[in-house]
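Protein chains: 2
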Amino acid sequence: MIIIDTIEKMREWSGKQHQQGRSIGLVPTMGRLHAGHMSLVNKSLETSGSTVASVFVNPLQFGENEDLDSYPVDLDSDEAMLSAAGVDVMFIPTKSALCPKGIKTFVQVEEITEYLCGKSRPDLFRGVATIVLKLFNIVKPQYAFFGEKDWQQLAVIETLVTDLNLDLEIVRGPLMRESDGLAMSSRNHYLTELDRQAAQSISTALKEAKEQIKSGEHSAEKIQAGIRRNIEKQPNTRIDYISLCDPVSFQECAAIGDSTLIALAVHVGKARLIDNCLVRRD
Amino acid sequence: MIIIDTIEKMREWSGKQHQQGRSIGLVPTMGRLHAGHMSLVNKSLETSGSTVASVFVNPLQFGENEDLDSYPVDLDSDEAMLSAAGVDVMFIPTKSALCPKGIKTFVQVEEITEYLCGKSRPDLFRGVATIVLKLFNIVKPQYAFFGEKDWQQLAVIETLVTDLNLDLEIVRGPLMRESDGLAMSSRNHYLTELDRQAAQSISTALKEAKEQIKSGEHSAEKIQAGIRRNIEKQPNTRIDYISLCDPVSFQECAAIGDSTLIALAVHVGKARLIDNCLVRRD
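First to last, the sequence lines map onto chains A and B. First residue of the first sequence: 1440, per the numbering used here; consecutive thereafter. First residue of the second sequence: 1440, per the numbering used here; consecutive thereafter.
A few of these clues could be false.
Given that identical chains are not distinguished, each listed pair holds provided it fits within a single copy or across any two copies.
Subject to a maximum C-alpha distance of 27 Å in a straight line, what follows is the list of computed DSS-like cross-link-like pairs (lysine-lysine) [stated by the list, open to error]:
id: 1; residue 1: LYS1579; residue 2: LYS1448
id: 2; residue 1: LYS1540; residue 2: LYS1558
id: 3; residue 1: LYS1543; residue 2: LYS1579
id: 4; residue 1: LYS1543; residue 2: LYS1588
id: 5; residue 1: LYS1558; residue 2: LYS1543
If you are wondering where the hints come from, they were derived from the structure by calculation, not from laboratory data. Since we're looking at a predicted model, the values are computed, not measured.
Full structure from sequences and hints, please.
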C-alpha cells in the first residue's frame, strides 16, 4: 500500500490509473477505522480496479462547540487495517492543503439538509459536500463508497452527484453493528463502560419499534414515544431528535408507510451517536 | 460542426476525445454571440485539440426582476458563427436537463461576491458558479475560456477552480470594444439608437479617468466623481455602481495603487451594462 499525503501526488497516481484503464474506488473516511469502514473498503476492492481510502478529519463539518479537537485519531491502526485489507492507496491530505485558510467556495445541498442532523448541526452537510466534492475532483473515482449509518449524508452526496453531473457511482454499504447492537462509530471511543451500556438502549429501542410495527402499530407518535421512553430511562442520555420520516425527502410522517426511515441522534456521555433503520407497513 | 443537445451525448463525445488523447477547450456562453465571444473561441481553437462552445441562457443567474425572459437569443446566427470559426461542437443543453426543477445543490463563492455585481445581483454568482461547474463536469475540458469584460465572474470561476481542486486551466480573454468604444455585450441589443449614444459615455468616462490618473490624480473619490459626471449628463442613464477596487479582493481603494480595477455598472434604457479597466499609479 502506498501512503500519499499531497494533492499533487494523488492526482498523478490517479492519472496513471486512468491511463492504464483501471477504475478507481474511493472510500472517504475520517479515520479511526472500524469494521463498518472496512466493509466499504472490501466492497470497493471487489468492485474497483484499485482502491483509495482517504483519512481526513474534515474541519468544515464541525460546528464551533463540537468535537473537532477531540475527534479520535489513530493513523497507525488505520494504516495497518487498510494495508492488511489490500488497499492500494491511503490518502492522508493535510488540513492546510485540503482546507486552506483562504477557501471561499462551498457546496450547499438545500431542502434535504433542513432536517435531522442538518437541523442540529447547521455546518455539517455544507462541510461534508464541499470536502467530498474536493476529494472526488482530486481522486477522480468511478465509484465512491458510503455507509448507510450516515443515511442523510448518503442522500446529500447522491443529490450532489446527480445535481452537479458528476461522472461517478455512489455505492451504499449497510450499517454495521457491534455484537450488542450498538451502531459502529468512531465516536464510540468516547463512551465509558457505563455510557456504553446506556448507548445500547438506542439499538434496543429501534428493535422494539420494529416489533411494535410488526404487531400493527402504525402511529409515528406512539412509536416515537416508545423509543424515547426506552432511551430516557438510561443514565447520561439526552435525545437530540427521533424522526420517523420519508427516507428521501426526510419530511416527517404521521404514520408508517411503504418505506419509512426511523432516524435518531442521542447524546450519551461525551458522544453524540446516530442510528437508523428502514421500516415498512406489512 | 456537430450540434449536441443532450448531456449524455456530450459526455460520450468528451469521453472519446479523452480516449484519443485530444484536449478539450470549452467556451461557455449565453449565446447571441459577438466578436468578444469569438475571440475566446479563437483562443480555444489555437490552444485546444478540440473546441466546444456551449450556449445556455442560465436561469439560475437571473434575479426575479431581471431580464431572463427578454435575454436576446439567436441560435441560427450563433450556429453560423461557430461553424464558420471551425468549432467542433456547439453544445445547447435544454433548460430542463441542465437545470431541472428539483435541483438542490448550489455552489457559493463567498467574500469576493459581496462586491460590485454580486452586491447588486445577489443570485448572479451562485447561479454562474453552479452552472459553470456542471458544464465543466459534463464537458471535462482541459481549458475553459472567459472574457475580462466579466472581470468579477472570472475571479469567481478562478476561485472555484482552485478551491474545488478542478483539474483544468482558466484562460482569460481581453474585453472587446465596438469601434465607438462601447464594451461588446449581448445586452447591447437592448439599446435604442439614442441609448447607444448615451452608453458611449461609459467607455469615454473610463478613458478620461485613465488620462486623469496619468496626469497625477490618484484620489479614488475624485476619479469616481469624474466618471459619474460624465455618465450622468447623458439621458436615460442610471448608475448602479462605480468602484475603484483591488482587482482580486474587490475591496474599495481610497487611492490608485499598483493595480487598481475601475469597474462599473450602468443602466442605459432597458440594458444594464458593465465595463472595467485596470489602472496603475505610474
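Going down the list of hints, with the structure as the test:
1. LYS1579 / LYS1448: both (13 Å within a copy, 21 Å between copies)
2. LYS1540 / LYS1558: Both: 26 Å inside a copy, 24 Å across copies.
3. LYS1543 / LYS1579: both (22 Å within a copy, 23 Å between copies)
4. LYS1543 / LYS1588: between (30 Å within a copy, 22 Å between copies)
5. LYS1558 / LYS1543: Both. Shortest intra-copy (23 Å) and inter-copy (16 Å) distances satisfy the 27 Å Cα cut-off.
Every hint, counting from the list given before, is met by this structure.
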